[in-house]
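**Student:** All chains should be built: construct the whole structure from the sequences, respecting the hints.
Sequence lines, in order, name chains A and B.
When the letters of the first sequence are read in order and numbered with this note's numbering, they come out as residues 2 to 312.
When the letters of the second sequence are read in order and numbered with this note's numbering, they come out as residues -12 to 319.
Bear in mind the hints are in silico, worked out from the structure with no lab data behind them.
Treat the numbers as computed from the prediction; the structure is a model and nothing was measured.
Any given hint might turn out to be false.
Once the Cα atoms are required to be at most 27 angstroms apart in a straight line, the calculated DSS-like pairs of lysine-lysine come out as [to be verified]:
{"hint": "1", "chain 1": "B", "residue 1": "K81", "chain 2": "B", "residue 2": "K162"}
{"hint": "2", "chain 1": "A", "residue 1": "K241", "chain 2": "B", "residue 2": "K247"}
{"hint": "3", "chain 1": "A", "residue 1": "K309", "chain 2": "A", "residue 2": "K228"}
{"hint": "4", "chain 1": "A", "residue 1": "K121", "chain 2": "A", "residue 2": "K98"}
{"hint": "5", "chain 1": "B", "residue 1": "K229", "chain 2": "B", "residue 2": "K59"}
{"hint": "6", "chain 1": "A", "residue 1": "K279", "chain 2": "B", "residue 2": "K137"}
{"hint": "7", "chain 1": "A", "residue 1": "K228", "chain 2": "B", "residue 2": "K247"}
{"hint": "8", "chain 1": "B", "residue 1": "K125", "chain 2": "A", "residue 2": "K279"}
{"hint": "9", "chain 1": "A", "residue 1": "K291", "chain 2": "A", "residue 2": "K309"}
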Amino acid sequence: MYFPIKRGFRKPPALLHAVDDVSFEINAGETLGLVGESGSGKTTCGKCVLRILEPTGGEVLFEDKNILALDDRAFKKIRPMMQMVFQDPFLSLNPRKTLRNIIGDPFKLHTNLSDGEIEKEVKRLLVQVGLNEAFIDRYPHELSGGQKQRVAIARAVALNPKFIFLDEPTSSLDVSVQAQILNLLNDIQRQYNIAYLFVTHNIHLIKFMADKLAIMYLGKILEYGLKSEIFSNPLHPYTKALFSAAPIPDPDLKMERIILRGEIPTPIDPPPGCRFFKRCWLGETGLCDKVEPELVEFSSGHFVACHKVKK
Amino acid sequence: MKKLDNIILSVEDLHVIFKTYLGTVHALNGVYLEVGKGESVGLVGETGCGKSTLGLSIVRLLDESAKIVRGKIVFNGESILEKSSEEMREIRRKYISLIFQDPTAALNPVHKIGDQIVEALQMSKGLKRAEALEEGAKILSMLGIPDSRKVMEQYPHELSGGMRQRIMIAIALSKNPLLLIADEPTSNLDVTIQAQILELISDLRKNTQMSLLLITHDMGIVAQVCEKVAVMYAGQVIEFGKVRDVFKNPLHPYTQGLLKVANLVGEKTRLESIPGTIPDLRNLPPGCLFASRCPYSFDKCLRIRPSNIMLDGKRSVACWLVEDKVNKFGPG
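**Tutor:** See the structure below:
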């Protein structure tokens, strides 16, 4: 996914390489954790999968159908199957609608249920996400942050989707509430066998939620594989730094902390070579700053894009 | 009473209310806190527990709608609440520095970085402009900012978030303050940048005699940076002590819950959570503010609010469970 950046009259636009040559797959009932820092292209990636953004190139296969090639009518049939929960429930719920409408609207758009049947469904969903039927005529401002996020989840699961893109669903919540929401998401996944694409920058959280991991940096996947495999044997220098940077609430645990120098460079017309080169302590001038490393299979199902990782 | 000359800041029974059109919000309900000279204290708690209100009360920068009802704040042997606003400015200018969560909002967008640092140095140390420029560049390079002369010629929008936060730290530290209050200094930043900034703050603290009050919601950061921790809930410090003591043996049920929740590490099928939500700060219950969510609460908790109980002079807890134990077995 490239975004054109206008540079003024008569100059050709620059290209912001938000997501560059990214591939992954998620099976039913599975969670892929997409981890990276701000600006690494996690959210853009998810939006492309849902076709909220039209990618510059590539394929998104949903049940073996390339949804990017579908016309609007055909795609509308798929849309209820693919849902999203946003980071900020304060912004993603319409403040002028009651929960009856917020959760009921998907049914109005995509099914032929009568108002009475919709009300029944909305009540069922409210109970399922841990609220109760009495909430049905409330407005979002009457709810706490955690309750709002529950409503957003109820809306997302309303039409029995097969895939949900979760974009930092708990990062605006307090830790004690965060745990409640994560438990709810896990329960729902188990019950309906939904595939999750879980975007976050929180390493501890992804350790709990994900089955597979993809580590993103500046629009590229640097490491990809089973969560257990990546956590027990992180290969890419960036992955190692990222894991060691996350503070652990244990005063006795003095970790070998890798402090990275510098910051993420701009994704506008990125230089050739490895995108992590400028901050990498293993970088080899002449190799890493010239040739872009490919994502290669290091061991079964564990992929890494780094010249310096040798078997 | 402990010897006061080792204490840089003490807060006693501080009550702060906000008058809003929806009623009176009781933001702080009897806060006790102590920061020793050269000590780093972490102030943790969830949204709305009054962490930032406490930080702002200490420097008397509260909003007009806020009112300090009663209590005592003593900084460096002097009572803060009896100072005139001119005297307060003097204290903020020379002795207490603040770093806020959002450096973009704290830096003036229309002035160059250099000018903002120079202004701070001129105000606090009375340096001439040329000297201040020299000193400013020195501080910036000490903070690991490459090409400090060039950065001083730039405007805030030309820098990244991590860089801006470093500038804020530079301004805060330029006057060699006795106390630095850092309000969520890294929560806008990425983890790898956060690690850089925390490392920086820890290093600087070791090299100076500065005390640090670090306000955060992240237990991990406290474990990494601080010596002592104060846990806040609904406008009270409910547990206070050495980081190691509190993290290894939390006494208050809320602290226990918070630590369980924060410990996402490891393979688990279900996460611990604290049921319920914080009480409405407009209508406080008469008893313990945590009682409605507490798994161990009994009738006394609902009737009388516990105050901070000192255990062996180092640690305090506001919980009846602990008091009953202390009465039975003695402190410690």
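**Student:** Take the hints in turn and mark each one as holding or not.
**Tutor:** Consistency of the hints with the structure:
no., hint, verdict
1, B/K81 - B/K162, "6 angstroms, holds"
2, A/K241 - B/K247, "25 angstroms, holds"
3, A/K309 - A/K228, "22 angstroms, holds"
4, A/K121 - A/K98, "18 angstroms, holds"
5, B/K229 - B/K59, "23 angstroms, holds"
6, A/K279 - B/K137, "20 angstroms, holds"
7, A/K228 - B/K247, "22 angstroms, holds"
8, B/K125 - A/K279, "25 angstroms, holds"
9, A/K291 - A/K309, "14 angstroms, holds"
Comparing the model with each earlier hint shows no violations; every hint is respected.
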